[in-house]
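Spelled out, the chains give:
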Amino acid sequence: MNQWFSQLQSTFIDSGLAPLLLEGFRNTMIITLGALLIGLIIGSLIAVVKYFSEDTPALKPLSTLCDIYVTVIRGIPVVVLLLIFFFVILASASGISVAILTFGINSGAYMAELIRSGIGAVDPGQMEAGRSLGLSKLQSMRKIIMPQAIRYILPAIGNEFIALLKETSVAGYVAIVDLTRAGNLIRNNTYDAVNPLLCVALTYLILVILFTRLQKVLERRLAKSDKR
Amino acid sequence: MISVKNLQKHFEGNTHVLKGVNVEINKGDVICVIGPSGSGKSTFLRCLNMLEKPTGGQIIFEGDDLTSKKVDLNLHRQKMGMVFQQFNLFPHMTVLENMTCAPVLLKKMTKEQAEAKALELLDRVGLKDRASSYPNQLSGGQKQRVAIVRALCMEPDVMLFDEPTSALDPEMVGEVLDVMKELAREGMTMVVVTHEMGFAREVSNRVLFLDGGVIAEEGSPEQIFGNPQTERLQSFLAKVL
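Quick mapping for you: the protein sequence lines, in order, are chains B and Z. Note that the working numbering numbers the first sequence so that position 185 is 185, with each residue one more than the last. Note that the working numbering numbers the second sequence so that position 106 is 334, with each residue one more than the last.
Derived from the structure by calculation, the hints contain no laboratory data. Note that the structure is a prediction, hence the values are computed from the model and not measured. Mixed in with the good hints there might be a few duds.
Some chain B residues flagged as far from chain Z (calculated, every beta-carbon gap over 12 Å) [what the hints assert, rightly or not]:
1. PHE87
2. ILE89
3. VAL122
4. ILE144
5. THR212
6. GLN215
Below are the BS3-like pairs computed for lysine-lysine, each with C-alpha atoms no more than 27 Å apart in a straight line [stated by the list, open to error]:
7. Z/LYS297 - Z/LYS356
8. Z/LYS339 - B/LYS137
9. Z/LYS307 - Z/LYS297
10. Z/LYS345 - B/LYS60
11. Z/LYS336 - B/LYS143
12. B/LYS143 - Z/LYS335
13. B/LYS137 - Z/LYS336
14. Z/LYS298 - Z/LYS255
15. Z/LYS255 - Z/LYS307
16. Z/LYS467 - B/LYS137
17. B/LYS143 - Z/LYS345
18. Z/LYS233 - Z/LYS297
19. B/LYS143 - Z/LYS297
20. Z/LYS335 - Z/LYS307
21. Z/LYS356 - B/LYS137
22. Z/LYS345 - B/LYS137
23. Z/LYS356 - Z/LYS339
24. Z/LYS336 - Z/LYS307
25. B/LYS143 - Z/LYS298
26. Z/LYS233 - Z/LYS255
27. Z/LYS356 - B/LYS143
28. Z/LYS298 - Z/LYS233
In this text, a Cβ means the ideal position worked out from N, Cα and C, and glycines have one as well.
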């Protein structure tokens, strides 16, 4: 036990590398949250365009564009996407912002499908009831469909967030010090492989557990009106 | 108030549901639409407020042709209340919110006005104490009564009913029909698709018998039920009465 503590001491404190982990943690969170936000925006936009294009011919070209986007993004590994964005498309931008954008664009393609199926799960009679009262399609969407769709979408978004959090561990490919890369750098410098990687793995695990809890609380709150 | 001219509806796959329906609906009319299943009753009703887009013909509501592209449907729909077979209450809103949502959002009333109006309507259908309940806490009959007053809260000129009692347990049919009778007595213009022949006979002033996508027979309830002319209506009535 004592031996392990002194090993920890030498790996993280004596080497002066502990702050690297903190920086990695910060970057991982920034990338994940930023990408989640972009993903949600892109996903919602696509889902709404797809929904409205069903009976609005003018939106058909836009809808086709969305289909292409989803197909292309889902067909390319995120690491490859990241490399393309970093070295080709946005070669002069900073690593972190490229990563946020890339993961966001990647996640948007998946979110679009999640949100679309959530909207599709709401009884079509709800839209009809809204329209029959004189609400526009957009008003019905906002006040009637979306609040109900959220309940179907939220668990899936939670899973997507968890997947996203772990996916960002490939950010090290483009020289970003994220949590994973920080651990790996420490391993490299101290020749102690066990502790830095264990520390990184535990951090991801705890984050995921915390987030799952938060998600459950949110879901319970949204289910309020289901109670009898 | 509504005149339907040569209304046609094709569905994809070439099913021809409505093959030219002509009806004049006047203010104060209570019209019951009866007919075998698949005869196009519901489609006809849903075309009246354009929930179903007709593929031919015209629907003139208060002087405007609803099938024209230039017309603002949302504005006209505010004056046409609709009650569905499956209630379609908004499950995430309380009864009161269900009723006030549209009038407030469409700036027809202030929140206070809408709530006062809603409570008054709920009181009339005996559900004032359920104002803060959620729809899934109500029985089927209560849900349908709420759906009716939700539509009434918009102060419509005409009410459309799409088989309002078909999804109800038998013992709850009466309470919904009573509300509709009351509404008819007050002079509301109503179009009711129904299988309740007793209601049609007692309350309506005109009955449309729809069969095979056309109005096969039309007349007062006395004529339709007492002295049916066509063979199709006779055989239909023999089956349902």
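Comparing the hints with the structure gives:
Consistency note on B/PHE87: stated as away from chain Z, and its beta-carbon is indeed over 12 Å from all of that chain's, at 47 Å minimum. With a closest Cβ-Cβ approach of about 42 Å to chain Z, B/ILE89 is found to remain outside the 12 Å limit, as its non-interface label requires. Listed as a non-interface residue, B/VAL122 fails to keep its Cβ farther than 12 Å from every Cβ of chain Z; the least gap is roughly 10 Å. The beta carbon of B/ILE144 is not kept farther than 12 Å from every beta carbon of chain Z, the shortest such distance being approximately 6 Å.
Here B/THR212 stays apart from chain Z, with its beta-carbon at least about 24 Å from theirs, past the 12 Å limit. Remark: the non-interface label on B/GLN215 is consistent with the geometry, its nearest Cβ contact in chain Z lying 19 Å away (cut-off 12 Å). Of the supplied pair hints, the one linking Z/LYS297 and Z/LYS356 is violated, its CA atoms being roughly 41 Å apart against a limit of 27 Å. Restraint check for Z/LYS339 and B/LYS137: satisfied, since their Cα atoms lie roughly 22 Å apart, inside the 27 Å limit.
Distance hint between Z/LYS307 and Z/LYS297 is fulfilled; the C-alpha atoms sit about 19 Å from each other, no more than 27 Å. Under the criterion of a C-alpha separation no larger than 27 Å, the hint pairing Z/LYS345 with B/LYS60 is inconsistent with the structure, at around 42 Å. The suggested pairing of Z/LYS336 with B/LYS143 holds, with an alpha-carbon distance near 17 Å, which does not exceed 27 Å. Restraint check for B/LYS143 and Z/LYS335: the C-alpha separation of about 15 Å stays at or below 27 Å, so the hint holds.
Restraint check: the Cα-Cα separation between B/LYS137 and Z/LYS336 comes to about 18 Å, which is no more than 27 Å; the hinted pair holds. About 25 Å separates the Cα atoms of Z/LYS298 and Z/LYS255, which keeps this hinted pair within 27 Å; it holds. Between the alpha carbons of Z/LYS255 and Z/LYS307 the distance comes to roughly 13 Å, so the proposed pair stays at or under 27 Å and holds. Straight-line distance between C-alpha atoms of Z/LYS467 and B/LYS137 comes to about 41 Å, which puts the hinted pair past the 27 Å bound.
Proximity of B/LYS143 to Z/LYS345 is assessed by CA-CA distance (about 21 Å); at most 27 Å being required, the pair is judged to hold. With a C-alpha separation of about 17 Å, the suggested pair Z/LYS233 and Z/LYS297 falls inside the 27 Å cut-off, and the hint holds. Of the pairs offered as hints, the one joining B/LYS143 and Z/LYS297 holds, with about 26 Å between alpha carbons and a cut-off of 27 Å not exceeded. The hinted pair formed by Z/LYS335 and Z/LYS307 meets the criterion: a straight-line CA distance of about 14 Å does not exceed 27 Å.
Proximity of Z/LYS356 to B/LYS137 is assessed by CA-CA distance (about 30 Å); at most 27 Å being required, the pair is judged violated. Between Z/LYS345 and B/LYS137 the alpha-carbon distance is near 25 Å, which keeps this suggested pair within the 27 Å criterion. The straight-line distance between the Cα atoms of Z/LYS356 and Z/LYS339 is roughly 17 Å, inside the 27 Å bound, and the hint therefore holds. Our distance criterion of 27 Å between C-alpha atoms is met by Z/LYS336 and Z/LYS307, whose separation comes to about 11 Å.
Proximity of B/LYS143 to Z/LYS298 is assessed by CA-CA distance (about 26 Å); at most 27 Å being required, the pair is judged to hold. For the suggested pair Z/LYS233 and Z/LYS255, the alpha carbons sit about 17 Å apart, so the restraint of at most 27 Å is met. Between the alpha carbons of Z/LYS356 and B/LYS143 the distance comes to roughly 24 Å, so the proposed pair stays at or under 27 Å and holds. As the CA atoms of Z/LYS298 and Z/LYS233 are separated by approximately 18 Å, the hinted pair is consistent with the 27 Å bound.
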